[in-house]
Amino acid sequence: MAALITENFKFVALFFKSKDVVIFNGLIALGTVASQTAYNVFAFDCPCSSGRNYRYGLAAIGVPALVLFLIGVTLNKHTWNLVSECRIRACKKVSAAAVFALLGSVVGRAVVAPVTWSVLSLLRGEAYVCALSEFVDPSSLENFPDSHGPEVMAGFPCKAVPADVLVYYDEINRRLKYESQFLGWLLVALSSVTVFLLLCLKRCCSPLGYQQEAYWSHFRSSENQLFNRTADVHAKILAAESVKSFFGFVALDKEEKDQLQEYGEIK
Amino acid sequence: MAALITENFKFVALFFKSKDVVIFNGLIALGTVASQTAYNVFAFDCPCSSGRNYRYGLAAIGVPALVLFLIGVTLNKHTWNLVSECRIRACKKVSAAAVFALLGSVVGRAVVAPVTWSVLSLLRGEAYVCALSEFVDPSSLENFPDSHGPEVMAGFPCKAVPADVLVYYDEINRRLKYESQFLGWLLVALSSVTVFLLLCLKRCCSPLGYQQEAYWSHFRSSENQLFNRTADVHAKILAAESVKSFFGFVALDKEEKDQLQEYGEIK
Amino acid sequence: MAALITENFKFVALFFKSKDVVIFNGLIALGTVASQTAYNVFAFDCPCSSGRNYRYGLAAIGVPALVLFLIGVTLNKHTWNLVSECRIRACKKVSAAAVFALLGSVVGRAVVAPVTWSVLSLLRGEAYVCALSEFVDPSSLENFPDSHGPEVMAGFPCKAVPADVLVYYDEINRRLKYESQFLGWLLVALSSVTVFLLLCLKRCCSPLGYQQEAYWSHFRSSENQLFNRTADVHAKILAAESVKSFFGFVALDKEEKDQLQEYGEIK
Chain B
383 MAALITENFK FVALFFKSKD VVIFNGLIAL GTVASQTAYN VFAFDCPCSS GRNYRYGLAA
443 IGVPALVLFL IGVTLNKHTW NLVSECRIRA CKKVSAAAVF ALLGSVVGRA VVAPVTWSVL
503 SLLRGEAYVC ALSEFVDPSS LENFPDSHGP EVMAGFPCKA VPADVLVYYD EINRRLKYES
563 QFLGWLLVAL SSVTVFLLLC LKRCCSPLGY QQEAYWSHFR SSENQLFNRT ADVHAKILAA
623 ESVKSFFGFV ALDKEEKDQL QEYGEIK
Chain X
383 MAALITENFK FVALFFKSKD VVIFNGLIAL GTVASQTAYN VFAFDCPCSS GRNYRYGLAA
443 IGVPALVLFL IGVTLNKHTW NLVSECRIRA CKKVSAAAVF ALLGSVVGRA VVAPVTWSVL
503 SLLRGEAYVC ALSEFVDPSS LENFPDSHGP EVMAGFPCKA VPADVLVYYD EINRRLKYES
563 QFLGWLLVAL SSVTVFLLLC LKRCCSPLGY QQEAYWSHFR SSENQLFNRT ADVHAKILAA
623 ESVKSFFGFV ALDKEEKDQL QEYGEIK
Chain S
383 MAALITENFK FVALFFKSKD VVIFNGLIAL GTVASQTAYN VFAFDCPCSS GRNYRYGLAA
443 IGVPALVLFL IGVTLNKHTW NLVSECRIRA CKKVSAAAVF ALLGSVVGRA VVAPVTWSVL
503 SLLRGEAYVC ALSEFVDPSS LENFPDSHGP EVMAGFPCKA VPADVLVYYD EINRRLKYES
563 QFLGWLLVAL SSVTVFLLLC LKRCCSPLGY QQEAYWSHFR SSENQLFNRT ADVHAKILAA
623 ESVKSFFGFV ALDKEEKDQL QEYGEIK
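Residue numbers (this note's numbering), protein chains in the order written: chain B, 383 to 649; chain X, 383 to 649; chain S, 383 to 649.
All the given hints hold, so there is nothing to weed out.
Think about it this way: if two alpha-carbon atoms lie no more than 35 Å apart in a straight line, the pair counts; the simulated DSBU-like pairs of lysine-lysine are:
{"id": "1", "chain 1": "B", "residue 1": "618", "chain 2": "X", "residue 2": "639"}
{"id": "2", "chain 1": "B", "residue 1": "626", "chain 2": "X", "residue 2": "639"}
{"id": "3", "chain 1": "B", "residue 1": "618", "chain 2": "B", "residue 2": "636"}
{"id": "4", "chain 1": "X", "residue 1": "459", "chain 2": "B", "residue 2": "459"}
{"id": "5", "chain 1": "X", "residue 1": "626", "chain 2": "X", "residue 2": "639"}
{"id": "6", "chain 1": "B", "residue 1": "459", "chain 2": "X", "residue 2": "626"}
{"id": "7", "chain 1": "X", "residue 1": "636", "chain 2": "B", "residue 2": "636"}
{"id": "8", "chain 1": "S", "residue 1": "636", "chain 2": "B", "residue 2": "636"}
{"id": "9", "chain 1": "B", "residue 1": "626", "chain 2": "X", "residue 2": "626"}
{"id": "10", "chain 1": "X", "residue 1": "639", "chain 2": "B", "residue 2": "636"}
{"id": "11", "chain 1": "B", "residue 1": "636", "chain 2": "B", "residue 2": "626"}
{"id": "12", "chain 1": "S", "residue 1": "584", "chain 2": "S", "residue 2": "459"}
{"id": "13", "chain 1": "S", "residue 1": "541", "chain 2": "X", "residue 2": "541"}
{"id": "14", "chain 1": "S", "residue 1": "559", "chain 2": "X", "residue 2": "559"}
{"id": "15", "chain 1": "B", "residue 1": "636", "chain 2": "X", "residue 2": "626"}
{"id": "16", "chain 1": "X", "residue 1": "541", "chain 2": "B", "residue 2": "541"}
{"id": "17", "chain 1": "B", "residue 1": "459", "chain 2": "B", "residue 2": "636"}
{"id": "18", "chain 1": "B", "residue 1": "618", "chain 2": "X", "residue 2": "636"}
{"id": "19", "chain 1": "X", "residue 1": "626", "chain 2": "B", "residue 2": "618"}
{"id": "20", "chain 1": "B", "residue 1": "639", "chain 2": "S", "residue 2": "636"}
{"id": "21", "chain 1": "X", "residue 1": "639", "chain 2": "B", "residue 2": "639"}
{"id": "22", "chain 1": "S", "residue 1": "459", "chain 2": "X", "residue 2": "584"}
{"id": "23", "chain 1": "S", "residue 1": "639", "chain 2": "X", "residue 2": "626"}
{"id": "24", "chain 1": "X", "residue 1": "559", "chain 2": "B", "residue 2": "541"}
{"id": "25", "chain 1": "B", "residue 1": "459", "chain 2": "X", "residue 2": "636"}
{"id": "26", "chain 1": "S", "residue 1": "626", "chain 2": "X", "residue 2": "636"}
{"id": "27", "chain 1": "S", "residue 1": "541", "chain 2": "X", "residue 2": "559"}
{"id": "28", "chain 1": "B", "residue 1": "559", "chain 2": "X", "residue 2": "559"}
{"id": "29", "chain 1": "B", "residue 1": "626", "chain 2": "B", "residue 2": "639"}
{"id": "30", "chain 1": "S", "residue 1": "626", "chain 2": "B", "residue 2": "584"}
{"id": "31", "chain 1": "X", "residue 1": "626", "chain 2": "X", "residue 2": "636"}
{"id": "32", "chain 1": "S", "residue 1": "636", "chain 2": "X", "residue 2": "639"}
{"id": "33", "chain 1": "B", "residue 1": "626", "chain 2": "X", "residue 2": "636"}
{"id": "34", "chain 1": "S", "residue 1": "584", "chain 2": "X", "residue 2": "584"}
{"id": "35", "chain 1": "B", "residue 1": "584", "chain 2": "X", "residue 2": "584"}
{"id": "36", "chain 1": "S", "residue 1": "639", "chain 2": "X", "residue 2": "459"}
{"id": "37", "chain 1": "X", "residue 1": "636", "chain 2": "B", "residue 2": "639"}
{"id": "38", "chain 1": "X", "residue 1": "626", "chain 2": "B", "residue 2": "584"}
{"id": "39", "chain 1": "X", "residue 1": "584", "chain 2": "S", "residue 2": "626"}
Calculated from the structure, these hints are not laboratory results.
Please model the complete structure; the sequences and the hints are all you need to start from.
Quick look at the structure:
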């Protein structure tokens, strides 16, 4: 708490200096509203009705997972790199193995968030208990009245059941929550073993040693950075020439003039 | 756990270097939310049902331990160094003793977090009490009704038992918690003695004295640092040449120009 | 515990130097969580059952003491110095008296933390009351029913005893707590007298006067400091040559270049 307050004070001080107090306050207000809204909106409310329970639980787990997966695929630079490459050069220059590895990397990164979401949902257990309560076999409960069907079982997550079977709420809740958490832990174990095996496989198939891999990664990041910077300057030089040919002159600031003088005659 | 925390620290440190106070505050907020969620999600809920108790307790202790172990192995640089070495040079240059020592070091470091987790779980006792309550022998309890089987014993951790045996809750809870904590302390004693003996063995088998060991460790850290820095510069020079051959020029900042002028002609 | 705290302080100090306020705040948060968890985990829960009481009390006092002792021995530089010395030169150069003095110093320093832990446990009294309540002689209590054996006496720390002897709880608790605290104070007195006598003995056996001792200690600390600094530079020069022979050049920063120019030709 102390740390939080100290940090927030620094943050406030920073914005105070830049005189953007309004924007800062607006951000805080917005953040508060957003988080409260999110809390209310994403709260899980079981419909407690046979047939609907299942669909609702599935939607509450599946849709966010799908959205997270699509966001993961979209934000990955390699996706669009691969798409352009295949469209322009018809995938001639890339081998099937490379495409497979690249696709695997894209899907692998995009799958992290949905799996985390599913594991958290399963460990929390709410959605699972809601979705599967109607499928609990009444005959597996001691002395449970025979007359109740799935519609009654579906009411258990909200305790919306006849008074004579309300005593079974604890038993059913515990049983379903156990299944949910057990599945969650299984999923965690499975994913971590899979990730570990894939990492091993990747290292074993790579033709580079550990230090070579590190050098190669440095080289790629340096090249990427220099390429982007140089492409920027190159584009600016072309743009300046284009404007100059229209107006007869071009208004450049100090830094740009230096850049053009330095690299302009080279081009 | 330790590895996870270390990684998060690195992550935080990375963001701090970029002086992003906003990101920092976001991280704190996120951390608060995350820890509260974690507290709810990872809460131990005993299913209190014969057969399930055991599996649930095992999963709640074993899966995090497994995950921590795999993370520990994965994050250790030596693992991948050893893998590359063995793959490329077919382990010809390393003796069996060296491979054994390196594997031992990798496993030894990776085992710290799972053991800590197991000890904490055992000392807390929750999981053990849940897992083993069904195996308590009713005949060892004074005047315990004979008619109750393991299914009733399994209900004790939730106090979900018939009213006539509820008075035995304290006795059973105390007994199982004692076993759990006793095992925890035994594990602590065993691990610390093992670590101490291994350290002694390592020192006794090392051909270097204490001061020589210190000198050697300084040398390795210096060499590592200089190697990485030089490899960085080397990679940047190559990248600059590669970009230059594409655009005809390369946009370098002041510091990079100095580096290239100083080391460029040597290469 | 002491060693652990020292280590954490070093860790904090290290991060403080690098001005990483975030990491520092993270450490505070982590420390708070850790101490609260520790408080819950290490809470002393008497099993209140004959035979188990004794073992549990012994484990709860003895295992942390053992761990602290091993940590103390492990972290002491002299331990490994002595081990290397004995292994490499087969203890020929050190007299038996010197080995004895060095071992005494190592054990003496390592014993501080376990003794502190034992004194604190004894003064708190919880573990002692739990461990020894079953050995209280019922005949020493006025009008205590003869029919109760050690199993009943073992239940006193949890008040898990038949109602007719519950009135003796206060008496037994007071008596055992008195013994525990008395032993604790005795241990404090004994240790401080022993330490005082050992210090006197050390001064009496030393061939140096007080000022000479001070001079000697200054000399050793200066020599140690200069030795370490010079060994550092020596290792860096070797490392630089090794990297240069691999890449053809080596990227040094300003300070390192000065060091190498100054000392490089001496080597």
